[in-house]
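Q: Take the given structure of chain R and dock chain Z to it, following the hints.
Below are the chains, spelled out letter by letter.
Number of protein chains: 2
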Amino acid sequence: EIAEAAARRLAPVEPGPLAGRHVLVTSGPTHEPIDPVRYIANRSSGKQGHAIAAAAARAGARVTLVCGPVNLPDPAGVTVRPVETARQMLAAVEAALPADAAIFAAAVADWRAAREAGEKMKKDGGAIPALALTENPDILATIAHDPARRPRLVVGFAAETENVVGYAQAKRARKGCDWIVANDVSPRSGIVGGVMGGDENQVHLITETGVEHWPTASKSDVAERLVARIAAALGPLE
Amino acid sequence: EIAEAAARRLAPVEPGPLAGRHVLVTSGPTHEPIDPVRYIANRSSGKQGHAIAAAAARAGARVTLVCGPVNLPDPAGVTVRPVETARQMLAAVEAALPADAAIFAAAVADWRAAREAGEKMKKDGGAIPALALTENPDILATIAHDPARRPRLVVGFAAETENVVGYAQAKRARKGCDWIVANDVSPRSGIVGGVMGGDENQVHLITETGVEHWPTASKSDVAERLVARIAAALGPLE
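Protein chains in written order, with our numbering: chain R, 11 to 248; chain Z, 11 to 248.
Isolated chain R (complex conformation):
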């Protein structure tokens, strides 16, 4: 009996389905400064992206997690690269390449302030400012459209409040990615606490072959299922 236990303990741990792979995940929001104290943000909690990074690590992958400002512990066994803005996130993603698969789950701000004020903007005695915006880099499209650096599998996320699947299908084509994980982040989604910030998610997986409607599940279960699909798509290591 003792010998058996020792043998079990000494036996090589079965390698996970992503052993030998490098998986890059982005997670969380970005914060785009307006001035030294104000910024534009979004409601992403990072829970879904962090759960994907954790699941990929459990599946044996080497995982790099590029994440915006979140209030979450670093997932076990994951290399975390914290960033604040979309531009910092793109630079951290580029520095982390090459990767076998990239899952862009972060809610990257589409726009930032056109000019970041060096001192705090003052209210009194002046006109109300209008905030001029400028477009941020599109991290998903930048990486997916770059044949030299593109991971073999590129997965984007789409958070929509209306026409969720239609927008996501158009996004998949436009961004040049393989899959889109789409979810409805409107209050009417019926997810307790809302998808953004809550612990559950109900997603649609848009692939080259069609749309799969996944049932409502914990973000951890959604992550496990997505990681299993990623492992199947990458196939065994040569």
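Derived from the structure by calculation, the hints contain no laboratory data.
Treat the hints loosely; a few may be bogus.
Same chains, same label: a pair holds when it works inside one copy or across any pair of copies.
Claimed, not checked - As a list, the in silico PhoX-like pairs of lysine-lysine whose alpha-carbon atoms are at most 25 angstroms apart:
| id | residue 1 | residue 2 |
| --- | --- | --- |
| 1 | Lys130 | Lys181 |
| 2 | Lys181 | Lys132 |
| 3 | Lys181 | Lys133 |
A: Coordinates of chain Z only, in the frame set by chain R:
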């Protein structure tokens, strides 16, 4: 010896210097929605305001803490009213009155989006939006200038990145409050981690008689010192 211990235990706890007082504190940032997923925020962590609420409760006051979105535990012995926007914060403050003293430590957004979009704003195929802003209610000035509802002692905060004392003195006169607690939130303040988000603060107390420069201290120590000053200003209960 046992009798002495029992006597000590049965002796009435000495009432704190704020016993019988109602103290209203605001804390944290406000979040101003742009659309269902985006918002304008500021870097207030709520640490200083929460520390003041906790110190006032330890001094025996009944404390109402109106706080924006923070990642802090509720202080012990304090009634917490969570809000998100400046307009919600004003309504919660008005509902909590009357109070003997009010300390407006929250970093209320000066502006909000002029129109909150009902659906997520889309990036693709359109022009870059400019964000039209409109002014939020001025909670400090509203309460300080209202003779019917004004607490006897009204304390405002000023977070500045330049000309800290000058701006704060002008703010005290303009807002109609009794004191201003002013601090320098610029990176050059020398506070480790920055005043916003960090655990230390270096403040200037602007009163009717002048300016006191307090030494750098923990936010908890700054809170204790401020609460002692508030108790002295209110004097003993009649």
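Q: Now tell me, hint by hint, if it's right for this structure.
A: Do the hints match the structure? See the list:
{"no.": "1", "hint": "Lys130 - Lys181", "result": "between (37 angstroms within a copy, 15 angstroms between copies)"}
{"no.": "2", "hint": "Lys181 - Lys132", "result": "between (39 angstroms within a copy, 11 angstroms between copies)"}
{"no.": "3", "hint": "Lys181 - Lys133", "result": "between (39 angstroms within a copy, 11 angstroms between copies)"}
Hint compliance for this structure: no hint is broken.
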